[in-house]
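Chemist: Residue strings, one per chain:
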Amino acid sequence: MAEGQFKQGIAAGRLAPPEYADNFSDLHPPFDRHEALVEADRCYFCYDAPCMQACPTSIDIPMFIRQISTGNPVGAAKTIFDQNILGGMCARVCPTETLCEEVCVREVAEGKPVQIGRLQRYATDTAMAQHKQFYERAAPTGKRIAVVGAGPAGLACAHRLAVNGHEVTVYEAKPKAGGLNEYGIAAYKSVDGFAQAEVDYITAIGGIDVQHDKALGRDISVAELASSHDAVFLGMGLSGVNALRAEGEDAEGVQDAVDFIAELRQAGDLAQLPVGRRVVVIGGGMTAIDAAIQSKLLGAEEVTICYRRGKEHMNASEFEQDLAASKGVTIRHWLQPKSVIDAGGRVAGIELEYTTLRDGKLVGTGETMLIDADQVFKAIGQSFDASPLNGSGNSIAMEGGRIKVDAEGRTSMAKVWAGGDCVVDAREDLTVAAVAAGRDAAESIHRALTSNGRA
Amino acid sequence: MEDAGRGRPARRQRQRAALRRDLGADRRLLGLNNIELITDRDLQTNLREIKQVKRDWPDRALIVSIMVPCVEEAWKAILPLVEDTGADGIELNFGCPHGMSERGMGSAVGQVPEYIEMVVRWCKQNTRMPVITKLTPNITDIRKPARAALTGGTDAVSLINTINSITGVDLDSFAPQPTIDGKGSHGGYCGPAVKPIAMNMVAEIARDSETRGLPISGIGGITTWRDAAEFMALGAGNVQVCTAAMTYGFKIVEEMIEGLKNWMDEKGHADLDAIVGRATPNVTDWQYLNLNYVAKARIDQDACIKCGRCHIACEDTSHQAITSMVDGARHFEVIEEECVGCNLCVNVCPVEGCITLEPLAAGSLDKRTGKVVEPVYANWTTHPNNPMARQAAE
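If you're matching them up, the sequences are chains A and B in order. Mapping of the first sequence onto our numbering: residues 1 to 455, in sequence order. Mapping of the second sequence onto our numbering: residues 1001 to 1394, in sequence order.
Honestly, the hints are just simulated from the structure, not real lab data. Ideal placement from N, C-alpha and C gives every residue a C-beta, glycine not left out. Hints are supplied without guarantee of correctness; some may be wrong.
Which stretches of chain A does chain B cover? Using the computed rule of at least three CB atoms under 8 angstroms from a CB of chain B, they are [claimed, not checked]:
no. : stretch
1   : 40 to 46
2   : 100 to 111
Short derived list, chain A residues pointing at chain B, Cβ under 10 angstroms [stated by the list, open to error]:
no. : residue
3   : L37
4   : A49
5   : Q53
6   : A54
7   : S58
8   : N72
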């Protein structure tokens, strides 16, 4: 054990160099060919398969698994990409245990589903390693479309538009494309620069011009894009972060979990990345879990997630919770932050209040407790920042604090579609749901621009 | 044991083990194809070792499998040599589908009943040893060679030998597999995949009016105690195991012995006579099957895992007799008005015991035909749709 483990405060280099590599290696190592064949053989090739119904992008899962089992992983990849061009990343980050694998008949029958996610990764990795491009662009339509945000929704939209022969310009506020795939996914879920490799794979079709460091409301506006393009797709995600609403949250050492996760993903050398000795994460979703686990993996001695409701209410899946527990993260429930303990401008701990449900409403019980902490991460949800839209001078109807769209992804503003986390969606804020939204909006745009799909 | 202690006096230029496996996803062996030549060891070596084995294991029966050219002198010459080893019997290899058949041995003899009869007779006349005649399945009617062997005086038949086969084609070189220098040849197929074919042939001989009672040694994909019991129930007095031992080693036989014992104890079968041939009378010809027997598939809803395979199999290729949706919910249920009791759903269901065929009691209504199930046995020979039956009536 490196002596850095017990350094007080927020410090870098808590671990010996090899430990970083071990800790941040692939969460689920890829299947080799034999493993894939054996696992594929477990699939029953169900009729009207429940897994397919559960997939937000409706991938024909029994078909692609069948293709793997017959020794045709490249064909399997095409089956996947036909529905989900980000099938490679989804194979890594989808909470399959609450989607396809939850409803797998073998999960129902024996509590051991076919490992659909890992099979999907096997197929997509095989095809991407061979640089197989399955789609050719249709004849140019002469239509130009602006996509705001190069995250999963924007990329899926851009790809489908490019396939249909349109010219796409993607405006991305950050220096790299990929959105949360690049900045928001735990490092051990997307190793070896996969997010950028996937962006390259998607844009290799041509007709997609990604412009970096172009932020809506600063460098571009919706009104300008709408007037200079035939259609606009907004897929800018959520840039706001909810506040703790606890006293003293401005103290040094209190940080947004999303920023920490992004820094970690962009860090060249994890040993240079500082982390607290005692870390508290406030929240109950995937972001909380990712921040907590990675704090632990960076060498934090104690990591505690505090969530204001019960285990059953956590947005993080059972698998993610178990993963956190297995890494040594403590998850505590029914605790809400009350105040950050400030010692000379720095975090020294956090005071939390026990909560309970009274008449269906969450209330504090008045009882409090204290956890020592030198670092506190806020992971209590992200919010849509509407100011860049208002800056465009046009009104786009909102709903529940996000952009309101119809079933096809159209906003209230003519020529403007939206999808992904920035819109109100019955589905959870999942990568795979964003892909579906981007893809479907692209088809809607295509129909609108080409009179029922004919150029 | 087919191969243990088995001598093969015919001489070969060289031995070549050219095998190819048919494999499941987890590389479970389904079948094995060999195109090997039999032996490159000289006759004297084989005889010496056979003698040694018998000396070391005097309480075990040792059968020597022989294949020589189809002339009486050749058989006359070898039989005393084999007898001299102290072997308990001989098996005439009329089954080998390659290598020897091209030279008038093996299945070249086994495919011509008259030759079988002749060679068996030579052997019976020239040795005191019991003669087992090994039959090739590469014929249309297994009863013909069995009858010929019996007429020639054989003491028993053993079957089946391997089946002519090509297990695969290399899709890069377009060479059949197993491949020798880019070429392939039909080899002999054995292992679990051939068991159903072998069992039918055993039953055909066991129930044939001419060969009934002729001792049978069952061969063909026997891998578990259950396989052995099934062969014996169909009329085999004993069984031979080779591919399973080639796959797992001789230890596999221990499971077969213990499993068979356990089953016999559980069912109260005192000895092998209690099971050998017990299923033979239940093997009949198609035209004697009871046409008044009506069964309907039934799906145990508690066991059903809702994979829908029964539905799509029935829907696409059979009788459209299984639902997929009932009252808006995923639900698989047999539509009795459509079910003919074909058993396909039972076969494709991945859950053991989930789908069963339930016979309708006599007197109950068959919703498919709208007729009451008759209490009497009736078969095709008297069925009105049978033109032969009509002619007979007229």
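Chemist: Now look at each hint and say whether the structure bears it out.
Modeler: Comparing the hints with the structure gives:
no., hint, result
1, 40 to 46, "holds (count 5)"
2, 100 to 111, "holds (count 4)"
3, L37, "holds (5 angstroms)"
4, A49, "holds (8 angstroms)"
5, Q53, "holds (9 angstroms)"
6, A54, "violated (12 angstroms)"
7, S58, "violated (16 angstroms)"
8, N72, "violated (12 angstroms)"
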